[in-house]
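K.L.:
Okay, here's what each chain looks like letter by letter:
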Amino acid sequence: MQRRDFIRLGGVGMASMILPVSGIAVSAEQLLDKPMDVAYKKKLADIALNAAKAKGATYADARIGRYLNQFITTREANVDNIVNRESAGIGIRVIANGTWGFASTSNMTPDSVAKTAEQAVAVAMANSKFQTSPVVLAPVKGVGEVSWQTPIKKNAMEVPIQEKVDMLLTANDAAMSNGANYITSILFLVNEQKYFASTDGSYIDQDVHRLWAPFFATGVGKNGFKQRNGLGNPVGMGFEYLDGKEEDKIKISGANVGYKNSYDLVEDAAAAGKQLQAKLKARSVEPGKYDLVLDPAHLMLTIHESVGHPLELDRVLGYEANYAGTSFATLDKWRSGKFQYGSDVVNLFADKTQEYSLGNVAYDDEGVKTKQWDLVKDGILVNYQAIRDQVHMIDQKESHGCCYSQSWADVQFQRMPNVSLKPNEKDISAEDIIKEVDDGIYIAGRGSFSIDQQRYNFQFGGQLFYEIKDGKIVDQIEDVAYQSNTQEFWNNCVKTAGKSDYRLGGSFFDGKGQPAQVSAVSHGCATTRFNNVNVINTARNV
Amino acid sequence: MTMITEETAKKLLTKVLSFSKADECECNLNGRSAGNIRYARNTVSTAGEESDVVLIVQSTFGKRIGVASINEFDDASLEKVVRRSEQLAKLAPENKEYMPVFGKQEYLDTPSFALSTASVTPEDRADAAGASIMPSKKNKMVSSGFLEEEVTFAAIMNNKGLFAYNTATNVDFSVTIRTEDGKGSGWASQDVTDVKKLDTAKVSQIAIQKAGGSVGAKEMEPGKYTVILEPAASVQLLQNMGRNFDQRSADEGRSFLSNKLDEGEEGPTNKLGQKMFDERVHIYSDPQHPEVPTAPFGQDGYPLKRTDWIKEGVITNMPNSPYWAKKTGMPYIPYGSNIIMAGGDESLEDMIQNTRRGVLVTRLWYIRSLDPQTLLYTGLTRDGTFYIENGKIKYPIKNFRFNESPIVMLNNIEALGKPVRINGNMIPPMKIRDFTFSSLSDAV
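One line per chain: the protein sequences are R and A, in this order.
Going by the working numbering, the first sequence wraps up at 542, each residue one higher than the last.
Going by the working numbering, the second sequence wraps up at 444, each residue one higher than the last.
Pulled out of the complex, with its shape left as it was, chain A reads as follows (with noise of 0.2 Å):
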């Protein structure tokens, strides 16, 4: 793909604003160009490369909206676009909701661009898969992986004076490496902004490791055990506890930050300042991380900043729609785009030597909700789970199932180490006492 500069998308829609007769018009201009390789059985299986640039147009009369979309940018084109939004808003009904687009805004410098990940090639790929099939082999083990890396950007312009671009770029890789007899399984992952970080030999190291380790699980009863909870095993548990902390659903009385009230009664709706985990959690989104690093505005062009949602144990901030946050007298916060949760010094080995007796998760699978009012979930444990004792990986044990609720994952915190970056957030591993396990799984 060639990237679109700052320049350049300016000029284009600037143009296409030029066309427009709405009340509002609003212009998105997304690109991204990718590259994936996957393997499977030590050897590569499918590989692909894909790019595409797509303008979006939004025209809005009074509050009729209608959005059309084009990937061809020549002038008969560009107008194209803009009157068949124009005909779809004339046709749509009326949104009892609507919101007036932003005018201009300030937005932070965030370093979400590396020019080496802009630079990766087919070979390099091959290269990096090469690297974790080889150890994997070597030591009579199957490994299947899968290496995508993105250069996105991103150009919004209205004719309310919003202007707003930025580039990014985000690299995934993941692995499994079982043992030959299908007896043992590793799993370990790295993402990054900039491509010279990744290292697919390392992360293939732990999950061979791993896969090793775990050949020849003993079964423990299911029940409360404390846990260390890697970044890849909460990760997921603290995105969908993030999901639920929407302020309209906790006013409507659904979400597990609502109040409850009796009928008549009066009160706040939801339980922003309140105080519901350990004072030692603090969960924050922050576009400038220099780990996590994101585009400093979201689709609306709304600027993002460090957003705290839990501080000191407290509910501190609830994302809402500008229509929720203009009807219920609050500030707009847009949903953020990164999960940063702050942690202590300590090393996940760190963590394992200070453990008398627990089990040790590598990842949670298949996660599912089970009551949306304790965001109870299930799931299970997968790819590496083991007993710890007195400080030692003392053995392999056979997978569990857990209903456990993230609230009382963490109002049970007994130790928090050094975030690491996982799927684009901030995580520490977590001790976490009286941990919920349900039932065993014989799956490997």
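Next comes chain R alone, as it looks inside the complex (with noise of 0.2 Å):
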């Protein structure tokens, strides 16, 4: 069945970064093998769901999927590891006396499908014995056979190897000939061919694609050292996201570059070499209030802490208690329908339908068409994220088709979809901005980040920090994070930029549940300020 592998990779600064790897080491030839014909895995799921209403069960759906990576990772000249991993199986849940049954096998023989069926029947009936609310699904009606693909322009796994290779160490040498002592650069590639069927009469096809080229580089001085990792998002595109194409930068004079719908990794990298030696001679922040201006490389991750984890719906019900925690958003400040999440400029909305995405597909893994939603308008919260089993205690008859689960071999839960911030109607650039802030402090890329377990306190960092004084970047500076409270700090949102500078960035490696599984979630957002926020000094003598 599933293998799990933990893959340390030093080097990378903080810490060392550990990478889940799931599934068999294969050759990267064999990423591109076809996937199973549709006709078998429709015969296959059809096996499973039969046997499971066989035994009882009053629903089923099936999940038949091949999961393929390629990581590739560098350190300065050396390529340090290549790793392809395939993984294929079917995962099969049920409901059977009102309670849900999971199992999953890599063995596909049609026998190892039904028994796998009959073992997900057994589950549920031997959890029953427990259940006190039995489950309640919210309808989904069947769409029949249908397919769906990631619209990518060019594979990635079919890029030749030596390609990447060339990429990654041209951008390492970039960093160091520009200032940068040491660099882990690498590629990761995710392709999920994932197949959903239900007892509702659905058979859904779908092609998943996603890509992201990290980077972690490190400037040593005489008095200690500094890192900068890469500006670029994880997005579920193709290899063309490594174009870098001229139209999708946008510069902000005296800082950074930021990176639209493409990424020039190289142009970053060798940026780094040189803000890396900025970053050893700029002095450090005088602790205070300050109005902060945030790039959307960085207030991504700060809309994904602050309002994509406390507002999804398990959380705020307590069933991620003993893990992640609960929310501040609780049902009663959402039925009032007053409660101020953020100043009235801010409109923020939920979809697994934004082009380029991690979050993009068709359909979510309980086989729900996917969609948009607000989650809070003008700054009061008016919804939540929730599945096809969870809809019904929020007074809604329909799924927001969030449900996802890692691989075949795990059960699907409710999952955060992209959370963005929508941007101005008036297209006002990230410029447009910084030029009306007196003393503030503007902020690129995503530092250290931490949120305590309902979601109020945070402090985040980032990657690079400018003096804004007088409307104008002037000075480079270090050791900044701010701390607020949620609601707060969303309402001292003032403004935000236009679409032309509306940016989505992404994490990768989302961490829920027990067991714990992963899943990739974007933030849209343009750049946007927040006034009078608390900032400290990181900075220690010890």
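Nothing false has been slipped in among the hints.
Dumping the calculated DMTMM-like pairs for lysine to aspartate or glutamate here, alpha-carbon to alpha-carbon at most 20 Å: (1) 129/R x 127/A; (2) 96/A x 76/R; (3) 80/A x 86/R; (4) 63/A x 80/R; (5) 222/R x 266/A; (6) 281/R x 263/A; (7) 499/R x 344/R; (8) 80/A x 24/A; (9) 326/A x 300/A; (10) 327/A x 80/R; (11) 115/R x 52/A; (12) 333/R x 442/A; (13) 281/R x 262/A; (14) 183/A x 332/R; (15) 63/A x 76/R; (16) 96/A x 80/R; (17) 96/A x 173/R; (18) 90/A x 29/R; (19) 183/A x 219/A; (20) 222/R x 263/A; (21) 90/A x 163/R; (22) 115/R x 50/A; (23) 333/R x 180/A; (24) 398/A x 488/R; (25) 129/R x 123/A; (26) 129/R x 124/A; (27) 222/R x 252/A; (28) 80/A x 29/R; (29) 222/R x 262/A; (30) 327/A x 76/R; (31) 80/A x 33/R; (32) 115/R x 49/A; (33) 90/A x 166/R; (34) 129/R x 49/A.
Output of the computed footprint for chain A on chain R, the stretches with three or more beta carbons under 8 Å from beta carbons of chain A: (35) 70-81; (36) 217-229; (37) 472-486.
None of these hints come from the bench; they were simulated from the model.
Since the model is a prediction, treat every value here as computed from it, not as a measurement.
Heads up, the beta-carbon is just placed ideally off N, CA and C, and yes, glycines get one too.
Mind docking these for me? Both chains are given alone in their own frames, and the hints should help you get the complex.
P.N.:
See below:
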């Protein structure tokens, strides 16, 4: 069945980065093998659904998955690791006696699939003795046989390994020749070939692609060392994301380049080298209250932590209490219809449909057509993120379509869709936002982030910090982190830039659940201003 | 999972090696069988079982390495996976940091396996969850918890004479119990090698007490406080520090263990042999420790043995890779498989009794690095934070955000209690002066 490894990457700075890796190792060529024939998948799925029904299941779904990964890791001029992984199997979920049951297998013979379905029913029956409130599923109409693919232009799995290695080593060289002393760069490719079938009459074949090319550069000076991570984003795109087109670059004078729908890895690595040298000489921030201008590659994570997670309905209800925690955004606040999550310029929406986003699919992992919906409208909390067995708890009749499982081997559950901040209707630029600030700090890139288990108190850092004086970026500074409270922070949001500045950032390995599962999620926003935020200095003598 | 015995593993791996045509061939045969149960809102939410055996073959030609794996074990599959790893090796770029595999090694005996853990049934798990849910209900509280047990084996063989085999068991249990109104929250955990030692009812009782006791938390001003950190509160900070002990990063100037040298200045590049902590600090790893036994070898088959990392406050060893060890003329020191911190005889209760004023911290949450040079971390207290006055818990207090470094923590020791097992490590409760809390949190 599923094998889970952890690859420890040294030299990525703060601590070694531990990566979850699934499946068995295969050659790069095997990643291009054709997926299993759809007609055969339908046959297997029907065997599972019929076997489950025969044993007393009132509902069943089957997910036949082939999950492919390629990870390439380089360090300075060395290729550390090339990993190709494939994981294939079937996961069967049923409701029997009003209780969920789940079982999975990598053995996809008809006999094994039928037995696995029966095992799922047996699990449901066994657990039903503890069941106090039977599962209530929001209705879904079967869609018959349909298919969907991430709209990619260049399948990254088809790009020769040598070309990918050369790209990473060129980026490493660019960083090193511009001032970095060390650099680790990585290319992650993911392809989920997943087939979903349910007793509702849906047979959905989806081919999902994602990629991420992060780097971690270090500069060592006389008085210590500094780090600068890449500003590229993980995306639901093909290799075309790494084309680095000029029209996708947003230049902030005196600061960094932001990347929209394509990324120039080598240019960013070169900039990192120079910025590292500047960081080594930069002065330490004077703590106090500042107006902050947050670039999208930074603000995305603030949205993730302070809006995405607290509005997951399972957290609100207590299902995640023992792991990630619960939520301050309780049902009474939502029911009041008056809970001021943010200022009236704050409009936050959820979706699994944005082009290029990590969450983009046509149907979720329980066969629900994906859509967009509001979470916070004109500053007021209006909705949560919920799936088929949850929406009845918030008096709604339709699932939001945000159910996901990291593989065929794990049970699907509610996962964060893309959660994004609507841009200003007036198409103003990031520079327009900066221009209006007298005394502030501009922060780019994601750094240290920490938030409490109900998502009130948070502290976030970044990659690059610049002092703003009288509407202009004047100086690169260091040791900046801001501390705030979610509601107070979003009520201090005064202005966001327009759609030309709107960019998607994302998290490739968001963790949730026990046993933990990862998922990938994007957050869109434009450069945004928050007034009067508490900034602390993170330098310390020991 | 059918556990593959040492004899069967040896036979199978010998056959795999017989197919090899590479300069070097090393195989890892790993198996895992695990079961879990998860509950929330006083009812079981999910449960599952999984098992797997995987053969990983690494072939090397010169400095070119290829790895392939498979989970089928007939002769044709075994030969296929060897051939595939050889093909991948021939296509791979040269690894400039290539090091040869190890030859025959001697290993310590470690008590890492308990038969009782390998015999847990779904009913046992349900009963263990029930023993946590029932008292919560009785106390009008809401429990959510997770129990998982696993049985693993690992076998390694290569064509240079190395063979290693080990079996291990582990059980992890944790529970969060909250009052119905959400105003109190308590957490407790237990992890053991032998499931006979697991007592979910007793652990849940601690969480129930903490949940009830934490209702009505008062605000205290952020600042520097004497704290008693329960082992669950300090373990992650110590683990993070352990991950930053790498010799290479220190030699490269990018670690808290780097010496700052001026250009052209000669001298040691790292802090090996320097005193950095209170002299009571003694941290080591030991695969034979009776409370936290582990396999006596790592993934590369190199033997693990008792290794001091910090002794009498002095940096005693730093882990490295075979490549970096050779490059710097140091012995190869693999990462340890557990963290054992020496302590004293005081229990947590004794420690509270001996405290005039202080803050008791159950655990810390969402710990993130702020500055790797000073190992400054941020995070928050969670699930039971209390004010202690004159030897007694006086009242619950609101959670704090902390911004603190384990370097400061291990220099400001007031007292160390009796170590207990937490996440496979042995950590004492610690009384620390001047621990920095930077802001308040409303989270319960």
